[in-house]
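First to last, the sequence lines map onto chains A and B.
When you line the first sequence up against this note's numbering, it's residues 872 to 1285, in that order.
When you line the second sequence up against this note's numbering, it's residues 872 to 1285, in that order.
Careful, some of the hints might be misleading.
Footprint (simulated), chain A over chain B, 3 or more residues, beta carbon under 8 angstroms [stated by the list, open to error]:
(1) 920 to 931
(2) 1221 to 1233
Listed next, the in silico DMTMM-like pairs over lysine to aspartate or glutamate satisfying Cα-Cα at most 25 angstroms (straight line) [said to hold, decoys possible]:
(3) Lys1158(B) to Asp1208(B)
(4) Lys894(B) to Glu910(A)
(5) Lys1249(A) to Glu1250(B)
(6) Lys1282(A) to Asp1054(B)
Simulated from the structure, these hints should not be mistaken for laboratory data.
All values derive from a computational prediction rather than experimental measurement.
Beta carbons are placed, not taken as given, at the ideal position from N, Cα and C, and that holds for glycine.
Residues per chain are reported as follows:
There are 2 protein chains.
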Amino acid sequence: MLKAILVIADGMADRPLKELDGKTPLEAAVKPAMNRIAENGVCGIVDPISPGIPPGSDTATLAFLGYNPMEVYSGRGALEAVGSDVEVLPGDVAFRCNFATVDKDLVVLDRRAGRISNEDASLLTRSLQEIKLKKSFDASFLFKNTVQHRAALVIRGPKLSTAVSDSDPEVNGKKILEIEPLDKRPESVRTAAIVTELMTEFQEALAEHPVNKERAKRKQPLANVVLCRGAGTIPKITPLRKLYGIKSACVAVVSLIKGVCKVAGMDVISVEGATGTPETDYLAKAKAAVQALNTQDFVFLHVKATDVASHDGNARLKTEVIGKIDRMLDYVLKNIDLGTTHLALTADHTTSCETRNHEGDPVPVAVFGPCVRRDSVKEYSERACAEGGLGRIRGPDLMHIMMNYLGRTKKFGS
Amino acid sequence: MLKAILVIADGMADRPLKELDGKTPLEAAVKPAMNRIAENGVCGIVDPISPGIPPGSDTATLAFLGYNPMEVYSGRGALEAVGSDVEVLPGDVAFRCNFATVDKDLVVLDRRAGRISNEDASLLTRSLQEIKLKKSFDASFLFKNTVQHRAALVIRGPKLSTAVSDSDPEVNGKKILEIEPLDKRPESVRTAAIVTELMTEFQEALAEHPVNKERAKRKQPLANVVLCRGAGTIPKITPLRKLYGIKSACVAVVSLIKGVCKVAGMDVISVEGATGTPETDYLAKAKAAVQALNTQDFVFLHVKATDVASHDGNARLKTEVIGKIDRMLDYVLKNIDLGTTHLALTADHTTSCETRNHEGDPVPVAVFGPCVRRDSVKEYSERACAEGGLGRIRGPDLMHIMMNYLGRTKKFGS
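So here's chain A without its partners, still in its complex pose (with noise of 0.2 angstroms):
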């Protein structure tokens, strides 16, 4: 049976850098088992959206799961709320939140409230979930708090609308802003009033909290307010297995990522030692991923860690991260059947170490397995697979790309 494995380092292309001597951290950094992919597949670079848009992460990996971002991405918030096992029906309107601190003028002080435990942010949402919102407003909602300062709002009820502005302004010592609607449609002025009143009545319970109070002694920044930003709904997709008539799974930690994987369909598998973090268990996912293609047909397997270099604009350390990847794609290319499954490896975008930011770069790709059609290209980066036989694809390109030498795309026409 043929199988495919999908690996994604998060933000890993990147530009040349001055502090890298014109190289890229794909390029400085020691990586022989990605360049024994690159020198064995087929090569290319992708745009994940199109040349020149810097995708987000979100619209990133549902082009790369095969999807169209232009047409299906509604959202931030539903996916990362998904990802954090808050459900959310379709036509639910899901926000990210942050318990923060404000002063009495509602400036924010911190938009983390100290990096909040997760025992006083569990207790402060038991409070905050049972509030009720008044009757006439026909809508109910769910707060959880996930991982830290974090959390996931839902609001669940008839014609409810994803355009409403955010009340968090990003960065400390601004005030928070009203939730506003976005259009004049009756759904997204009574959705902006629902999480209007909504935040009020958290801030008023927030307030009195004994935790709070707790936190005060204790000289901790008061968690007296939630900030909600990404209003979002599921977005209408059909599931890898129903498209394509396979078992899939993830190997990710990021709640976004594994929030677009489980609105495809795709099993979660959740790795111990796995951080998120450039101190992640590399070798732990690595095993896992090979573990899970004993049972699965295609299996994703995501690194958050070269973001997390990119956005600290720490060229070394992601050139380091760009290493331990290497190692880990080492123990699976050691570890999978090379003469019936197909490795595909590539970032989700470029993040430049240098402005901090998603960049619009197109990204490498290079395929290996049994049915591709080697090119010339020996090396893994940026500008070595852009000389390579794939050309230049878009991020859905890639798995229909894979899935049709799995010999699961539908011929269109007869």
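For chain A, the structure is supplied; the task is to place chain B on it using the hints.
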């Protein structure tokens, strides 16, 4: 006057094959003329539909004639009927049919009724065409046998639909299938009812037919049922003449390809000795194409033999056929005016000698002629062309590129 010739070898592209020491049939073949086209031309790879999606010969041919198959494709039945000189009008729904042999439980014993002779099939057809549909159906039909067991059925009347299933189980040993509407629209329900009724009437007429009595005496399989599949209508496309102001013709023998070309308004040139098999008269086809260029602006020369060898899984034969096509191209190159004529060489899809199926891998293309920006590719093959100056394009792009060289594409903007 600038002219162009498009040569398509059906299913010529392939994957690296073990029995050819990891080469594709194109890489293994002796092909000096093809290499001359590549060396003097501009090369690239083409996704007839889109990356990873296996094309049918119908959708691929539509694409290579410049039409977007995702927009215009409307089923195979009508294209094949038109290609067999059966009249199909807009609104008609047409099917591909087979005379077949079934047992008393309607299990198919021979999908080809012993490859019934044209004579027997014609006699049966004459009787079937005399059947009258019930008045309440407000519809009529045309039934025409083509070659051996093959036939076309056209249903004509108001409010018909192509959303009906096939009765043909596509393999021997299975029961014939109920023809069912594929959606709930009244047109689909009505069309399924008409075709079901007609197939029952056909069965009754065939059961008692003198031809079948004679066949029974001769111990030949009875042609006691008509199987139908591939409901389709004429695609709504603008003829090439109107799009580009050109006179165009095709040299092809396969009904489906001829049908697509007719629908595009092209003249269809018949060639004695052209058979659609590896034993076809390649040189006769070349001569016909060269001669057609005297009076036409654009000639499409189609060769089926490569696909036949691929579906048989015969890599050696495919390699030989490519050699024969090369000699055909040698004749073309030596007998056209290379100062005024552009020649494009491609395959309509990849057909793998290993899987014996159409695959979604890209196909090579080379365009030779006075206007091209010659690149450094020196060999015509899947991998060599991938390094060419055309990059990776889509099926319809090739026609637009050729018509651009001929000064026939319209400026967009001013």
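So, going through the hints one by one against the coordinates:
{"no.": "1", "hint": "920 to 931", "result": "holds (count 12)"}
{"no.": "2", "hint": "1221 to 1233", "result": "holds (count 6)"}
{"no.": "3", "hint": "Lys1158(B) to Asp1208(B)", "result": "holds, 14 angstroms"}
{"no.": "4", "hint": "Lys894(B) to Glu910(A)", "result": "holds, 17 angstroms"}
{"no.": "5", "hint": "Lys1249(A) to Glu1250(B)", "result": "holds, 21 angstroms"}
{"no.": "6", "hint": "Lys1282(A) to Asp1054(B)", "result": "holds, 21 angstroms"}
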